[in-house]
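Peer 1: Using the sequences and the hints given, assemble the complete structure.
There are 2 protein chains.
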Amino acid sequence: MTRKIIVIGAHAAGLDAASAARKTDRTAEITLITKEKKTAYSRCGLPFVLGGHIPTFDDLVVFPERFYKMMKLNLKTETTVTNIDPKAKTVAIQDKSGNEETLQYDNLVITTGAIPFVPPIKGREKKGVYVVRTIEDGEKINQALQTAKSAVIVGAGLIGLEVAVACLERGLKTTVVEFLPYVLPVLLDKGMADRVQKELEEKGMRIIVGKGAEEILGTDKVTGVLVGGEEIPADVVVVATGVRANVELAKNAGVELGEKRAIKTNLRMETNIKGIYAAGDCVETINLVTRRPTMSQLGTTAVKQAKVAGINAAGGYATFTGALGSWITRLFDTEIGGTGLTEFMAGRAGIETVTGTITSKTRADYFPGALPIRIKLIVEKESEKLIGAQIIGGEEVPQRINALSFAIQKEMTVRELAKAETCYAPPVCETWEPMVLAAEMVIRRLR
Amino acid sequence: MTRKIIVIGAHAAGLDAASAARKTDRTAEITLITKEKKTAYSRCGLPFVLGGHIPTFDDLVVFPERFYKMMKLNLKTETTVTNIDPKAKTVAIQDKSGNEETLQYDNLVITTGAIPFVPPIKGREKKGVYVVRTIEDGEKINQALQTAKSAVIVGAGLIGLEVAVACLERGLKTTVVEFLPYVLPVLLDKGMADRVQKELEEKGMRIIVGKGAEEILGTDKVTGVLVGGEEIPADVVVVATGVRANVELAKNAGVELGEKRAIKTNLRMETNIKGIYAAGDCVETINLVTRRPTMSQLGTTAVKQAKVAGINAAGGYATFTGALGSWITRLFDTEIGGTGLTEFMAGRAGIETVTGTITSKTRADYFPGALPIRIKLIVEKESEKLIGAQIIGGEEVPQRINALSFAIQKEMTVRELAKAETCYAPPVCETWEPMVLAAEMVIRRLR
Chain A
1 MTRKIIVIGA HAAGLDAASA ARKTDRTAEI TLITKEKKTA YSRCGLPFVL GGHIPTFDDL
61 VVFPERFYKM MKLNLKTETT VTNIDPKAKT VAIQDKSGNE ETLQYDNLVI TTGAIPFVPP
121 IKGREKKGVY VVRTIEDGEK INQALQTAKS AVIVGAGLIG LEVAVACLER GLKTTVVEFL
181 PYVLPVLLDK GMADRVQKEL EEKGMRIIVG KGAEEILGTD KVTGVLVGGE EIPADVVVVA
241 TGVRANVELA KNAGVELGEK RAIKTNLRME TNIKGIYAAG DCVETINLVT RRPTMSQLGT
301 TAVKQAKVAG INAAGGYATF TGALGSWITR LFDTEIGGTG LTEFMAGRAG IETVTGTITS
361 KTRADYFPGA LPIRIKLIVE KESEKLIGAQ IIGGEEVPQR INALSFAIQK EMTVRELAKA
421 ETCYAPPVCE TWEPMVLAAE MVIRRLR
Chain B
1 MTRKIIVIGA HAAGLDAASA ARKTDRTAEI TLITKEKKTA YSRCGLPFVL GGHIPTFDDL
61 VVFPERFYKM MKLNLKTETT VTNIDPKAKT VAIQDKSGNE ETLQYDNLVI TTGAIPFVPP
121 IKGREKKGVY VVRTIEDGEK INQALQTAKS AVIVGAGLIG LEVAVACLER GLKTTVVEFL
181 PYVLPVLLDK GMADRVQKEL EEKGMRIIVG KGAEEILGTD KVTGVLVGGE EIPADVVVVA
241 TGVRANVELA KNAGVELGEK RAIKTNLRME TNIKGIYAAG DCVETINLVT RRPTMSQLGT
301 TAVKQAKVAG INAAGGYATF TGALGSWITR LFDTEIGGTG LTEFMAGRAG IETVTGTITS
361 KTRADYFPGA LPIRIKLIVE KESEKLIGAQ IIGGEEVPQR INALSFAIQK EMTVRELAKA
421 ETCYAPPVCE TWEPMVLAAE MVIRRLR
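Residue numbers (this note's numbering), protein chains in the order written: chain A, 1 to 447; chain B, 1 to 447.
Treat the hints as calculated values from the structure; they're not laboratory data. Honestly, I wouldn't trust all of these hints.
Where chains are identical, the list cannot tell them apart; a pair therefore holds if satisfied intra-copy or between any two copies.
Claimed, not checked - With a Cα cut of at most 25 Å, we get these calculated SDA-like pairs of lysine to any residue:
id, residue 1, residue 2
1, Lys23, Arg445
2, Lys127, Gln143
3, Lys38, Tyr366
4, Lys35, Arg261
5, Lys72, Lys126
6, Lys23, Trp432
7, Lys385, Glu416
8, Lys211, Arg292
Peer 2: Laid out in structure tokens, this is it:
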């Protein structure tokens, strides 16, 4: 009998789950359901359209229509799933005209993603206050930026800073407000974050840390933001203070949530309800270092989880063991990335660490164009294993993060890293690779 | 009593050995002896000076004079070591004026490097025929290139191709002649090499593979090279057919050579003679995959070995366990690199392999500027461990090589690599990292 697979959601996780299911079961009936009009676009690309690096929002759509035909995927857009009935194995849906229908499934994959979290700032409902999650959000901000002179971004996480850079690139007076004491507070330690802040300030960005947005000012439309008693003028306010897993539908169906209030799954991405799988921003995952639940909420994690969910939902076998949270961005010409735990996060998890930080260059010293690179390594003291890394530098940061991510995944000790073989040619890197030099720095402090 | 350490040679290995010795023993008397006038310069940079990417040959000198003073290193340039007497623990030296002297040592480090190997081609003694090893070689070639119209490079290894690119960049009609059936024959497998060849040919380089240089033509000065019966005009001929370990001095002193006819050492870089250490291009090393002796002859290996030799020679303890031979170059805008074994080399070592090759992009598909990248992975069939990789692509190849080098060193299986976490942001990389996609390709072929 034909297997019926329903995927709720049709973005990174949804599409990768559906594709993996199709590759596993050539005959299954696979249906994707999404509220949105546009599907499977890259949310991560939104700030870069705003900054003008990508021509249009439509360029972010990764899978063209012919992909759905080729993969034989039924796609229902602008359709809301109103209920999941795990006993009857059905989902109730409603299209944009209000027509209701009930669909049968054998296996279900929930990829409902996340919803922007907007703190209860007074005035947050005013015109000119935006979040950055959907293409519609992006289009609205883009429209607003065309006439705006000034912007305030609330939140100095990845999205907040990426949008702030876009605003600055478009000539707006741009201010970032971060409640926590430094930028990228979940991703970097203070010393590294301070460097990022300094670089952005040198480009003309104003950054206020350790203070919250107290009120969004203006009668109907926003005119400014009140921060620490100061009125900062703003024609546009973008709130980028993180997201919350979208679990309402799953919860109502009896799907168990974990300690992070996101969907809990086993290694096969199956929930407590047999036949219901979940993947992406709506699930919690195991941190590979702490072995504790964490929220990864990165595109890479989403697609890997989704692939596993899709394979299993289609009768195959695959597992997803956890995440390190490897991340990367580029702000102006500076690449910034990390993997594993920060020193701060390790401390909070009760892990005793030794760290080492060095500044080096990306090419042979005598080769024109060499750029500075700064690397911080975090090592678990007892085992001497690498458990985290942060890099700020001019080039090849992404693949250095990948190299250190591989090292952490394979439980490389800092002594092994200090001896690890790397390649060298004057135009592209240094004889003594900066990652290796950073490891030597840690070893000196281990003694 | 003050420890006396003599280092024979004063380039990458010599200087790193001396520096490590100094850091280990603050009071030792450390003397470096070299035949050359200039010391501690980057040989790897020579082709890039010829190509005009680095302004002058003097820029290649990595350590300024004040470094020797700061590190309290005695440096004897233009001085030849004529004999080592391991019983008396002395070396006999002769300066450029012919003055002879005998120096006492407690521990000796031999870093005599390698000598260009020029095959017995008829006419190789003619004017206009060069090798590329020293700054003097570089200066002579540079001089010749100023008036030359055409060049023939004999040998399509790294140095050969790098010099050929430099010649082409300077407007010469440039031909490369390689006796083996494809370019970079020791470093790449044929399929990958053919792509490199095609790219270079598209830039205007003529490449002849599978044929040797039969004769260097011209009465006194070179006018051409005879290849497969064809006369190829050339005002300059550069022979880049590899190097041979420079072991004469060591051999005469009773230092044991290994099966590669280079100096054999233990893990502490000590030779069969107690107190005599060796490092760099003159030693053979253990290949980390095959566990058999190999000639690495890369700058990175040299400095790592030298550091270990220097620490041990100064009474410390350090080990060097072997090399993968990770390498990288940039030819025009294309980065090319590898690590571990090629499929061909693995076959010769009797290792059964499964390989996978993919072409992907270096950034999100929709992000302008994404460049193609091609990755080949070589996996040992029984253990499913990664044992080699080759990459040709537009950006971030060096750090991908490092990531795969780490993976091989930590014995990562291809299944682990296919699940490995990588980072992602649209401007700098793809959601599905090409290394991971290549691993999936191998897995499909393992079944």
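Peer 1: Does each hint hold? Answer for all of them.
Peer 2: Each hint, compared with the structure:
1. For a Cα distance limit of 25 Å, the shortest separation of Lys23 from Arg445 across copies, 16 Å, qualifies, whereas the shortest one inside one copy, 50 Å, does not.
2. Taking the shortest Cα distances, Lys127 and Gln143 sit within 25 Å of each other inside one copy (13 Å), while across copies they are farther apart (70 Å).
3. Proximity of Lys38 to Tyr366 under the C-alpha cut-off of 25 Å is restricted to the inter-copy arrangement: shortest distance 16 Å between copies versus 50 Å within a copy.
4. In this assembly of identical chains, Lys35 and Arg261 lie within 25 Å of each other by CA distance solely inside one copy; the values are 23 Å within and 71 Å between copies.
5. In this assembly of identical chains, Lys72 and Lys126 lie within 25 Å of each other by CA distance neither inside one copy nor across copies; the values are 43 Å within and 70 Å between.
6. Proximity of Lys23 to Trp432 under the C-alpha cut-off of 25 Å is restricted to the inter-copy arrangement: shortest distance 17 Å between copies versus 44 Å within a copy.
7. For the homomeric pair Lys385 and Glu416, the shortest alpha-carbon distances inside one copy (9 Å) and between copies (19 Å) are both at most 25 Å.
8. In this homomeric assembly, Lys211 and Arg292 never come within 25 Å of each other (Cα to Cα): the closest approach is 30 Å inside a single copy and 61 Å across copies.
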